[in-house]
Amino acid sequence: DTGVSQDPRHKITKRGQNVTFRCDPISEHNRLYWYRQTLGQGPEFLTYFQNEAQLEKSRLLSDRFSAERPKGSFSTLEIQRTEQGDSAMYLCASSLAGATSGRKETQYFGPGTRLLVL
Amino acid sequence: EDQVTQSPEALRLQEGESSSLNCSYTVSGLRGLFWYRQDPGKGPEFLFTLYSAGEEKEKERLKATLTKKESFLHITAPKPEDSATYLCAVEKSYNYGQNFVFGPGTRLSVLP
Numbered sequence: 001d002t003g004v005s006q007d008p009r010h011k012i013t014k015r016g017q018n019v020t021f022r023c024d025p026i027s028e029h030n031r032l033y034w035y036r037q038t039l040g041q042g043p044e045f046l047t048y049f050q051n052e053a054q055l056e057k058s059r060l061l062s063d064r065f066s067a068e069r070p071k072g073s074f075s076t077l078e079i080q081r082t083e084q085g086d087s088a089m090y091l092c093a094s095s096l097a098g099a100t101s102g103r104k105e106t107q108y109f110g111p112g113t114r115l116l117v118l
Numbered sequence: 001e002d003q004v005t006q007s008p009e010a011l012r013l014q015e016g017e018s019s020s021l022n023c024s025y026t027v028s029g030l031r032g033l034f035w036y037r038q039d040p041g042k043g044p045e046f047l048f049t050l051y052s053a054g055e056e057k058e059k060e061r062l063k064a065t066l067t068k069k070e071s072f073l074h075i076t077a078p079k080p081e082d083s084a085t086y087l088c089a090v091e092k093s094y095n096y097g098q099n100f101v102f103g104p105g106t107r108l109s110v111l112p
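Here the protein sequences come in this chain order: W and D.
Numbering (our numbering) for the first sequence: 1 to 118.
Numbering (our numbering) for the second sequence: 1 to 112.
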C-alpha cells in the first residue's frame, strides 16, 4: 500500500512527558503537512515541509512543538512537556506540488495519531 | 479573515432520503475547493476537487458543485454506509502551508 502511514495510532501519556509521532508520506510526494484535529472540528494546520525544508509554522505551534523531515521522506512531530490541552488527533498529509503537477495539489491524509494526555 | 463554514452541523436522513450539505467560504484567491469524508477515528478520505464556478463532480451517490461563494455536496438516495463527517477545505492562492483552510464538517447519519 502506498498511502500515508502514521505511527503510533494511539498514545496515552502523562502530563509533562515528551512524545514523538512519525509520518511516512506517499513516496513521490514532496510536501508534507501536520494538522491537529479536536472533536467536532476540522483539521487545523500546524506546519508544512517542502522536501526537507520546513517552510511555515502556525502560531498554534508553541515552542514545545518541533517537527523535522531530515531527508525529505518521513517526518517526526515531537511535543515536549505535554499538557492536557495537547490531547487531540494529529494528522499528517502529503501532496505532490510543483510545475509538473499543475493545479493538482490534493492532500492525502494518514489515519492519524490520537493523543491523550492525562 | 479567511473563513469556511459548513451547514448543517449535523444531519440525520432516512435511507433513500436525498439531501445536500453546504460549504460557504470567504477566502482571498480561491485555487480549489476540496471535499473529504472522515469516519470516526480515521483520517480524512479525499472525495472531490473543484476549481471553477459551475464545475461539478460525481462519484456514486455523491455530487459536488461549486459557485463563487459556496459549494454543495448532494447525496442521492443515501445508504447507511454513507454515514460519516463530510469536511470541505479551500486552497488559497499565494500561500504555502496555510493554504488549506478546513470547515468544521457536517456529521451525516443515515438510518436504515
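Keep in mind that the hints are not guaranteed to be accurate.
Claimed, not checked - In silico SDA-like pairs for lysine to any residue, Cα to Cα no more than 25 Å straight-line: (1) K79/D to E78/W; (2) K57/W to P104/D; (3) K92/D to L96/W; (4) K59/D to Q80/W; (5) K92/D to R9/W; (6) K68/D to T13/W; (7) K57/W to E45/D; (8) K92/D to E56/W; (9) K68/D to E105/W; (10) K92/D to E44/W; (11) K63/D to S62/W; (12) K42/D to F65/W; (13) K57/D to A97/W; (14) K57/W to R31/D; (15) K79/D to P111/W; (16) K59/D to P80/D; (17) K92/D to T13/W; (18) K42/D to T13/W; (19) K11/W to E45/D; (20) K69/D to R9/W; (21) K79/D to E105/W; (22) K57/W to K59/D; (23) K57/D to R15/W; (24) K57/D to E81/D.
To be clear, the hints were calculated from the coordinates, so they are not data collected in a lab.
All figures in this text were calculated on a predicted structure; none of them were measured in a lab.
_Please verify whether K79/D and E78/W have alpha carbons no more than 25 Å apart._
40 Å, violated
_Pairwise hint evaluation, Q80/W against K59/D, where the allowed Cα distance is 25 Å at most_ = The given pair, whose Cα atoms are some 43 Å apart, is violated under the 25 Å limit.
*Taking 25 Å as the top limit, are the C-alpha atoms of K69/D and R9/W close enough?*
37 Å, violated
*Compare the distance between the alpha carbons of K57/W and E45/D with 25 Å, and conclude whether the hinted pair is satisfied.*
24 Å, holds
_With the threshold set at 25 Å, check whether the alpha-carbon distance from K92/D to R9/W stays at or below it._
Cα-Cα ~30 Å, so violated.
*Would you check the hint for K57/W and K59/D, treating anything up to 25 Å between C-alpha atoms as holding?*
35 Å, violated
_Need the status of pair K68/D, T13/W: alpha-carbon distance at most 25 Å?_
45 Å, violated
_Restraint status (C-alpha distance of K57/W to P104/D at most 25 Å)_ = Holds, at about 21 Å.
*For the pair we were handed, K57/D and A97/W, check the Cα-Cα distance against 25 Å.*
Roughly 22 Å separates the two Cα atoms, so the pair holds.
*Pair hint outcome, K11/W versus E45/D [Cα-Cα no greater than 25 Å]*: 22 Å, holds
_Can you confirm whether the C-alpha distance between K92/D and T13/W stays at or below 25 Å?_
Between K92/D and T13/W the Cα gap is close to 36 Å, so the pair fails against 25 Å, i.e. violated.
*Between K68/D and E105/W, does the CA-CA distance stay at or below 25 Å?*
20 Å, holds
Comparing the model with each earlier hint shows violations of hints 1, 4, 5, 6, 11, 17, 20, 21, 22, 23; every other hint is respected.
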